[in-house]
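Residues in the sequence shown are numbered from 1 upward in steps of one, following full-length UniProt numbering.
Don't read these hints as lab results, they were simulated from the structure. Fair warning: there could be bad hints in the mix.
What follows is a list of derived Cβ distance ranges for each label pair [to be verified]:
no.	residue 1	residue 2	range
1	39	19	29 to 35 Å
2	9	113	55 to 61 Å
3	9	103	32 to 38 Å
4	41	79	42 to 48 Å
Below, in silico cross-link-like pairs of lysine to aspartate or glutamate (DMTMM-like), each with a Cα-Cα straight-line distance of 25 Å or less [what the hints assert, rightly or not]:
no.	residue 1	residue 2
5	121	105
6	81	71
7	16	105
8	83	71
Backbone N, C-alpha and C define an ideal beta-carbon position, used for all residues, glycine too.
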Amino acid sequence: MMTDGTYLDTIVQTSKLLFTRLIHQCIAVIFIYSIWIAVENYSNPFSWHVILSTLGLLPFMIEALILFSNDNLWSREISRKQKYWIHGILMSVGSALIIIGIVVEYVRRDGYDHFVSAHSKNWTCCNDSCNYCFNLWSNGILCISYFKVDTPSMD
Numbered sequence: 001m002m003t004d005g006t007y008l009d010t011i012v013q014t015s016k017l018l019f020t021r022l023i024h025q026c027i028a029v030i031f032i033y034s035i036w037i038a039v040e041n042y043s044n045p046f047s048w049h050v051i052l053s054t055l056g057l058l059p060f061m062i063e064a065l066i067l068f069s070n071d072n073l074w075s076r077e078i079s080r081k082q083k084y085w086i087h088g089i090l091m092s093v094g095s096a097l098i099i100i101g102i103v104v105e106y107v108r109r110d111g112y113d114h115f116v117s118a119h120s121k122n123w124t125c126c127n128d129s130c131n132y133c134f135n136l137w138s139n140g141i142l143c144i145s146y147f148k149v150d151t152p153s154m155d
């Protein structure tokens, strides 16, 4: 074992890379399984809600969050400024797919009470929280732009 810490640093770095790979594999397995079940029951109109919501959440939203990790292999060489753009695009596409999935289910259940199950109440709360955070972020960007506040460099 080296005394300057490089051996331990190498082990820690390798462990982080393996853990990131494991997370990507778990996301892929859960995504494929969820989509597979929905496609098998394709005759059920509810399947579109599951397909669109899963497609929006797992690959797009999760990858948008993992994007900023220094241990993420596919985004290592991308500049921080480019990561912000990619993050915004992935989150927007994911949000659009989830919203379309919710609308599909809302229209499908026409004539019934909406947003009464625990599932729908939890996701409504989660969606409201995300919208609140987005509004805070976008208003902050507008204020910074309007008042020309100096911000730290993104590179």
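Against the structure, the hints come out as follows:
1. 39 - 19: 29 to 35 Å: Check passed, 30 Å falls within 29 to 35 Å.
2. 9 - 113: 55 to 61 Å: 57 Å, holds
3. 9 - 103: 32 to 38 Å: Cβ of residue 9 to Cβ of residue 103: about 49 Å, so the range 32 to 38 Å is violated.
4. 41 - 79: 42 to 48 Å: This hint holds: roughly 43 Å between Cβ atoms.
5. 121 - 105: Distance ~14 Å between residue 121 and residue 105 Cα, so the pair holds.
6. 81 - 71: It holds: about 17 Å lies between the C-alpha atoms, which stays within 25 Å.
7. 16 - 105: Distance of about 39 Å is beyond 25 Å: violated.
8. 83 - 71: Holds: residue 83 and residue 71 sit about 14 Å apart, inside 25 Å.
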